[in-house]
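There are 2 protein chains.
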Amino acid sequence: MLYKLFHPKSVAIIGASQKALSIGNVITKNLLKYQFKGPIYPINPKADEILGVKAFPSLMEVPGDIDLVHISIPAKFTPDAIDECGQKGVKFVIINSAGFKEIGKEGEAIEQEVVARAKKHGIRVFGPNCQGIINSDPEYKAYCDFTFTYPEPGHVSIVAQSGGVGAIYMQCIHDLGIGMRFYASNGNACDISIPEILRYYGEDEKTRVIILYAEGFANPGEFMDAAKEVAAKKPILGMRAGRTEEGAKAAVSHTGGLAGVGLSTELIFKKTGILTFRDVEEMCQAAMAFATQPVPKGNRVGLITDTGGPAIIATDELVDNGLKIAPLSDKGKGILREKLYPEAAINNPVDVLATAMAPHYRAALDVLMDEENIDSVYITFVTPPFVDTESVAKEMAEVSKQKRKPIVCNYITDKPQWTGTTAILKEGGIPCYDFPEKAAKVLAAMTDYNKIRSRKLGKPVKFKDVDASKTASILQKAKETGREILPAADVYDLLNAYGIPVAGWKIAHNADEAQKAAAEIGFPVVIKADSEKIVHKSDVGGVVLNLINGEAVKVTVETMQKKFGEQGLRFFIQKYLPAGTEVIVGAIEEKGLGHMIMFGLGGVLVELFKDVSFEITPITQFEAEEMLTSIKSSALLSGFRGKAGVNRAKLIEIIQRVSQFVMENPRIKEMDLNPIIAYEDKVYVVDARIKI
Amino acid sequence: MLYKLFHPKSVAIIGASQKALSIGNVITKNLLKYQFKGPIYPINPKADEILGVKAFPSLMEVPGDIDLVHISIPAKFTPDAIDECGQKGVKFVIINSAGFKEIGKEGEAIEQEVVARAKKHGIRVFGPNCQGIINSDPEYKAYCDFTFTYPEPGHVSIVAQSGGVGAIYMQCIHDLGIGMRFYASNGNACDISIPEILRYYGEDEKTRVIILYAEGFANPGEFMDAAKEVAAKKPILGMRAGRTEEGAKAAVSHTGGLAGVGLSTELIFKKTGILTFRDVEEMCQAAMAFATQPVPKGNRVGLITDTGGPAIIATDELVDNGLKIAPLSDKGKGILREKLYPEAAINNPVDVLATAMAPHYRAALDVLMDEENIDSVYITFVTPPFVDTESVAKEMAEVSKQKRKPIVCNYITDKPQWTGTTAILKEGGIPCYDFPEKAAKVLAAMTDYNKIRSRKLGKPVKFKDVDASKTASILQKAKETGREILPAADVYDLLNAYGIPVAGWKIAHNADEAQKAAAEIGFPVVIKADSEKIVHKSDVGGVVLNLINGEAVKVTVETMQKKFGEQGLRFFIQKYLPAGTEVIVGAIEEKGLGHMIMFGLGGVLVELFKDVSFEITPITQFEAEEMLTSIKSSALLSGFRGKAGVNRAKLIEIIQRVSQFVMENPRIKEMDLNPIIAYEDKVYVVDARIKI
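First to last, the sequence lines map onto chains A and B.
The opening position of the first sequence corresponds to residue 12 in the working numbering, with each subsequent residue numbered one higher.
The opening position of the second sequence corresponds to residue 12 in the working numbering, with each subsequent residue numbered one higher.
To be clear, the hints were calculated from the coordinates, so they are not data collected in a lab.
Keep in mind that the hints are not guaranteed to be accurate.
Chain copies aren't distinguished; within one or between two, either way the pair holds.
[What the hints assert, rightly or not] Below are the DSSO-like pairs computed for lysine-lysine, each with C-alpha atoms no more than 27 Å apart in a straight line:
#1 Lys437 x Lys426
#2 Lys217 x Lys475
#3 Lys586 x Lys654
#4 Lys342 x Lys239
#5 Lys643 x Lys621
#6 Lys116 x Lys344
#7 Lys702 x Lys586
#8 Lys131 x Lys680
#9 Lys30 x Lys57
#10 Lys44 x Lys335
#11 Lys437 x Lys574
#12 Lys308 x Lys467
#13 Lys654 x Lys643
#14 Lys116 x Lys282
#15 Lys282 x Lys308
#16 Lys654 x Lys621
#17 Lys426 x Lys40
#18 Lys462 x Lys350
Chain A on its own, in the form it takes in the complex:
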């Protein structure tokens, strides 16, 4: 669908100008400078030529067909320009001009007008308020953009909502000395969307890795579908800004984008298989490795170094990022002992020594490639001025080309002097980084990607034992009575309907009923005042625990009646459970996305350490299990220092049932099962809250 946008055979610029510091001029200059392969048509009624290129007073005067038109004239003139494009039979338009949705209502009206007219003409619009696209293909060399980096052809494609961040990516890829395939920064995205661009990159054979930057999604569902589809074919490296409250605020004030979606964006990335980054440079550096190296099959690294310190720093960073410094086999050590210097260290890291020559490096590389317990290779290569480093680099390049296991290299040198060595490493596809931490982080990212790629998410279970009609009637009733917070009895009935285990309970209206209910449930019991008016029940004496007989129940009910008034007050009588491990499961609606489910351990771990995990619905068995293991206090669930573990399977099932419940009942805004008390055998919800 977007082929012609990225492969235009001719480009016109409405608003091309002789003024050096104008966007129309810069775009024309860029097309010329990057040596665009087709005709360029500057459109300007007052000029004969722009930068030496013949200008035309209007699109209609242009002799040939036009594949792509830039519009960089004031916003208010753009709808008429769209009509002109329609008359000329143009199919793609990039609107660089600002002054649309981002400035408020007036601009939004113009933007809508542009979209409407474009639709009528069958024109696809890229932008407005955007940079544009670049295709580095030597047969096109289409620099339809006003930025300043002129990339070499390559295999990394970039799509960035923010032009500023896009510019950093493009420049970084360029500075790393690797090539770029496509670039796209679509600003307000009134028509052509990021999901559409992603899909197009997914189909493009020469794109091996995709860099994605987003600040929010107009349609998260559409994005997820596209991302899932493309991520299954090739690595997508994703980043989003606004993860802190202040950052999100800055995002709103500067781009008018969607706010407060920081967490859910990272969850979307995770669920769809996008590798998430929180650092621009790390992401570009990882792209470099993905473009040339295979993906590691596991987390066991073998290191080769010719110096001490940097390898120690690398080890710290690798271990911090979850990688393992695997021991070498006796066979491997034997070969190293024979082929390296006698003083060399034949452990992992293998220290070949600063004076090592090409055959030493080759021996070490071959051993690590052969080792069954090694999944990837990390090299520290300081170029000693007393070593023939080009020969060393040739061995590295040769081994790299075998593509048996991924190699990354912390290459420490002065590049303007070591040009020969640098060129050999580059030709061999070895990703080289100036700093040990960077090379280590790249290897960690590749290892993470392997984990994502090889995980078996599975399909969500659909529990058949749920009582849908009962659920519907409870929710309908609540809607009719206008309640937002459901009464306790309704909450527990809903949980029952979805097979979520609840500690035994009954409703009572007075002391007599309460005593009878308590006797049936069995002592000890808890009594909670049940009234919509009482919000923080515990804080005002509306909850009394551990009542051991009928007399205590009676006194409690009467005290509450005095305190809160008898009018409409009911009592929720529930089994008082012995101490166990308290956990929390929550759900919260996310606009356009369904719900986000939270899991954590109760008490101070949630409140002070924020030790919780989240997932987006629908949640599969795999994901629910991961929610349990990914919290820091996960060890407590398996038993810790003498304390018994809990029934994890039951908790995993509750998470899945909650997922199904909120998906089948999208009216649910929030839901809290807090606490759930978990024991070695059983698990009970003890308190719950549902908001619709």
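Following the hints, complete the assembly by docking chain B onto the known chain A.
Just chain B, lined up with the frame of chain A:
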């Protein structure tokens, strides 16, 4: 003392060779290439000249004085070379050769011989197994080193134990386009030490900031003295590797288990005022800012940007690092409203818009410099090709030169094209970074440095109410009986002697005594079996809690006697305290350094979350307070969600008393006060363990 080492007027190279890939050749080449200002004397009995420089068969044949001699001949010949230097009256020697301490006993013997002979001749030795030194001063241009980076003169001085890491620093400083003053990498450091080099850098007026890399300290005390002295004069940026390395401390207590290798180095850095880094690149990038910008007076940042995304990323990173995006005053906003484009965002971040010109930037800069609530300024500067960026840069440079508040800049451009703009920013001393995260981290580091610089550590309190003679006699007795783990009674007597509050206790030998003791202490009580043979008392039934009367005490004592045998078994009877907040204070010996003190909250927070803080003795009031506030669960000490807080002053005092106790009794190897139960008013040690 080291002046001549760094300012040699003549250099000889013993081992200079015509072989291109030899160290002696490379050093001679480097001296020539860097244009050393004095005479170079290659020493080689078989060559007339090396690289066109007249060679001499021995030092004695050299006509003039020699300030500095490189030795790069096999290790076994080095002692005689030292004698030759002595005869020639040389005062400084750099031994580049390897084959000393690092290869084992044989090499160590040679190293000792070198040190002994050097001492006899009054020669100071740098190395062996090292790179050397560099002085970029145009009057010296002394490149006495075999590395490959040729730095411009500047104000950053580097000292690195590892040559590999040193090479990365030097190259990074060079690539950042800033200058270097001195470089030193001293390898085995048999004589001239890092503390000595630090002190020398401290005295050097042209050194504005010091980069330090260490892997360990031969003499931590000496290092601390030097670092404290120098850090008071100028910023020292420090890093050390090996933070994840396993084991080394085979201690049974929590403190030993949690401390880990490398922790004490970071504590040394902190205590002496060194700014600690964990990333090589971040450290060099920070050095760049320290070399030209003032230190911020607080953590409130004002941002100026001409694009959205990068400023959002910067905001995230700044906030993550503890900085505040301060609101602007109405006055400031008023000026911005008047002077910027109407669509500009006049919040913080100030978005001047991509089309902003020099006067817009100047207005924004002046406002932020005038704002009372802003301590530092962060600029995102994408160079739009339609803006006169040189004029913009001139305004930035002008404001930077006022040195009112520090400025850092995320400068996004293609530098080979934007040379004019880049040069103006550099000349203005504005530290420019390619990525928003990097600029933000640098500003965070500068802000941290201000905090370190302005803290009032104070002096350690000396409690006078301690009973030193009782302490000495208990420890002496323990030594005589050969006990490593002190008996409970001794432990509590020691705590008493140092004024550390202990829950009431008594020793009993049988049920009768136990009953009497319990009655005197007051019920309820705890009984602990007291025998050296029983290590994990709780696990084997050696601790029984909450005994409410004499009968229960009797039964417990008799049961324990049956279980553990009556022989030598004593009973420790202690007041059973109601539930409170459990905390831990521990101490562990650190060789050459005194002790490390640990503080944390008891239970799962220590064991699972490792939420503890450490300090090195002596601990001041300020540091003890910081230990309480720097744990993540610190809020629990102040009271949290209805739970009362604890008496912080008493805990702070206990930490200081423990510090004094272990300092005055260096025989203490480990000490654990676990738990200490803290209440709103009082604090009691309930269990304790001391190992000598």
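Hint-by-hint comparison with the structure:
1. Lys437 x Lys426: both (12 Å within a copy, 22 Å between copies)
2. Lys217 x Lys475: neither (46 Å within a copy, 78 Å between copies)
3. Lys586 x Lys654: both (23 Å within a copy, 25 Å between copies)
4. Lys342 x Lys239: neither (43 Å within a copy, 50 Å between copies)
5. Lys643 x Lys621: both (10 Å within a copy, 11 Å between copies)
6. Lys116 x Lys344: Answer is between; shortest inter-copy Cα gap is 24 Å, intra-copy 71 Å.
7. Lys702 x Lys586: within (24 Å within a copy, 49 Å between copies)
8. Lys131 x Lys680: neither (39 Å within a copy, 84 Å between copies)
9. Lys30 x Lys57: Within one copy, since 12 Å is at most 27 Å while 70 Å is not.
10. Lys44 x Lys335: neither (48 Å within a copy, 43 Å between copies)
11. Lys437 x Lys574: Neither: 79 Å inside a chain and 72 Å across chains, both beyond 27 Å.
12. Lys308 x Lys467: within (15 Å within a copy, 52 Å between copies)
13. Lys654 x Lys643: both (17 Å within a copy, 24 Å between copies)
14. Lys116 x Lys282: neither (35 Å within a copy, 57 Å between copies)
15. Lys282 x Lys308: within (21 Å within a copy, 44 Å between copies)
16. Lys654 x Lys621: both (22 Å within a copy, 18 Å between copies)
17. Lys426 x Lys40: Classified as between; 18 Å across copies, 31 Å inside a copy.
18. Lys462 x Lys350: Close neither inside one copy (35 Å) nor across copies (53 Å); limit 27 Å.
Against the hints set out earlier in the document, violations occur for numbers 2, 4, 8, 10, 11, 14 and 18.
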